[in-house]
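Got two chains here, each in a separate frame; can you build the complex from them with the hints?
Here the protein sequences line up with chains A and B, keeping their order.
Quick note: my numbering has the first sequence finishing at residue 183, numbered continuously throughout.
Quick note: my numbering has the second sequence finishing at residue 278, numbered continuously throughout.
Please note that a few of the clues may not be correct.
[Claimed, not checked] From chain B, some residues computed to sit far from chain A (all C-beta separations above 12 Å): (1) Ile275; (2) Met276; (3) Lys277.
[Said to hold, decoys possible] Under 8 Å between C-beta atoms, here's a sample of chain B residues computed to sit facing chain A: (4) Leu182; (5) Val198; (6) Val246; (7) Ala248.
Note that these hints are calculated values from the structure, not bench results.
All of these numbers come straight from a predicted model, not from anything done at the bench.
Virtual Cβ for every residue (Gly too), placed ideally from N, Cα, C.
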Amino acid sequence: MVNKLLFLYFASVILASAVLMITRRNPVHSVMFMLLLFFHIAGLFVLLNAEFLAAVQLIVYAGAILILYLFVVMLLNVDRESAAPRANRFWPWMAGFGVLIAGEALLLISRGAFPVEDGQSMRLAGGVRELGETLYQRYLVPFEIASLILLVGLVGAVMLAKKKVKEE
Amino acid sequence: MIPLSWYIMLSATLFTIGVVGVLSRRNIFIILMSIELMLNAANINLVAFSHYLQSLTGQIFVIFVITVAAAEAAVALAIIILLSRNRGSVYVDEFNIMKG
Chain A
16 MVNKLLFLYF ASVILASAVL MITRRNPVHS VMFMLLLFFH IAGLFVLLNA
66 EFLAAVQLIV YAGAILILYL FVVMLLNVDR ESAAPRANRF WPWMAGFGVL
116 IAGEALLLIS RGAFPVEDGQ SMRLAGGVRE LGETLYQRYL VPFEIASLIL
166 LVGLVGAVML AKKKVKEE
Chain B
179 MIPLSWYIML SATLFTIGVV GVLSRRNIFI ILMSIELMLN AANINLVAFS
229 HYLQSLTGQI FVIFVITVAA AEAAVALAII ILLSRNRGSV YVDEFNIMKG
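Next comes chain B alone, as it looks inside the complex (with noise of 0.2 Å):
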């Protein structure tokens, strides 16, 4: 069968590129859905976790990840268009107006 190392491996490569994608691009955007792809991350290590433990602990902390990146989506989305409004940009380098 399927080792466990495998889902973490997995898991780790898959958090690892969500953080390149935060810290390295300049759209808005991709930033937040490189956020959505770390919570993926460790969606995907919890559900294995609660495979190989015989435990549904795991699955529940799942759903409650999945109910936490719904509410954050909705308000960062908000949070983006009131920015493109006020700002005219989705680029998060042009968003220096507290830059000392």
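Isolated chain A, as found in the complex (with noise of 0.2 Å):
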């Protein structure tokens, strides 16, 4: 029962969360708006026994990624902002399509079955034992990969954004 409350909590201000950060007029309000949900999707992977990923959340995604939009963000001037319209013309049907899908989704998930039971054994409660062990292990190929698209990401972010000098 507190699990439940817990998730609808969770759940609630997720999805508010979202609305606002796609409505907000300032990106800087979006960001924040960004922040709190990743906040409360850790508070889901707590509850999903996740809590490594948790962590990794708050670190990577709220604690670098975020702070790498809000510099970009500062860094450009959004003074046009508060004047120009901050949607397309085609936003309406945009929207009303977007409401379409979602409850035709919801509609197809709450009549399907799901044949799973709550995970009841804790011994893989997101245990960085048995996580580290599989990634190291099973899944080191990927792993090696995920390293070099890393570097592909660092590399090529310094050769765009870097000013040309001309060579004289």
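Laid out in structure tokens, this is it:
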């Protein structure tokens, strides 16, 4: 019962801050609502016995990616933002179709049956040890490829954003 | 306990909000953050399945999704800086140089 109440709290805050995030005029406000959303998603992960992922969510998403967004939003001027329209001219269509698709998905999910029970054994409780053993043994090659992706991201970001130096 | 379908409903709704954000906003920052929103919706699904199926594979997938999201954010923000430096705008409907 407590778990259900916690889930309903997390879900309502997540949905409300997501809607506010895509409707705010000022991008800095959007980033702040995104921060709230990430915190509550981390809470949802704790509810699902994934404590390590909750920590990773907070450190990487809220601590690194969102701060990067905030830096770039503040780096570029957003003065014109107060006057310009915030959505393109098709937005009523898009919002209507969004409500339609969400309603359809909710209807289908609520009518479907999921033959799994809530996990009972606590051995798997988001243990960092089991997670590390699985990651470094069974998924070692994808892990190395992920490091390569991060390297490409690093080099690509620097190469794209640096000023071109005139060669004389 | 909490039924699995609640998590899937939350994730589907969150994903749809992200899609609406991508399709209707003009500011390119909000579009990128909506993409992050969609990735997070998929993460909720993966962790929920991992919990209910008692398998760690879902959590491993979430780690890879977060890695890719970090790399994607870095490259995309570099592209945004380049765009605003060259075109002087962060609104996607003003980037129509390739329009026929």
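Outcome of the hint check:
1. For Ile275 of chain B, the condition that its CB be more than 12 Å from all CB atoms of chain A holds, with the nearest at approximately 17 Å.
2. Annotated as non-interface, Met276 of chain B keeps its C-beta farther than 12 Å from every C-beta of chain A; the closest such distance is 17 Å.
3. In this structure Lys277 of chain B is separated from chain A by more than 12 Å, as the shortest Cβ-Cβ distance comes to about 14 Å.
4. With a cut of 8 Å, the hint placing Leu182 of chain B at the interface with chain A holds, because the nearest CB-to-CB distance is about 5 Å.
5. A cut of 8 Å between beta carbons decides the hint on Val198 of chain B: the least distance to chain A is about 4 Å, and the hint holds.
6. With its C-beta approaching chain A no nearer than about 6 Å, Val246 of chain B sits inside the 8 Å limit, and its interface hint holds.
7. Checking Ala248 of chain B against chain A by beta carbon gives a least distance of about 6 Å; that is within 8 Å, so the hint holds.
Checked against the numbered hints above, the structure violates none of them.
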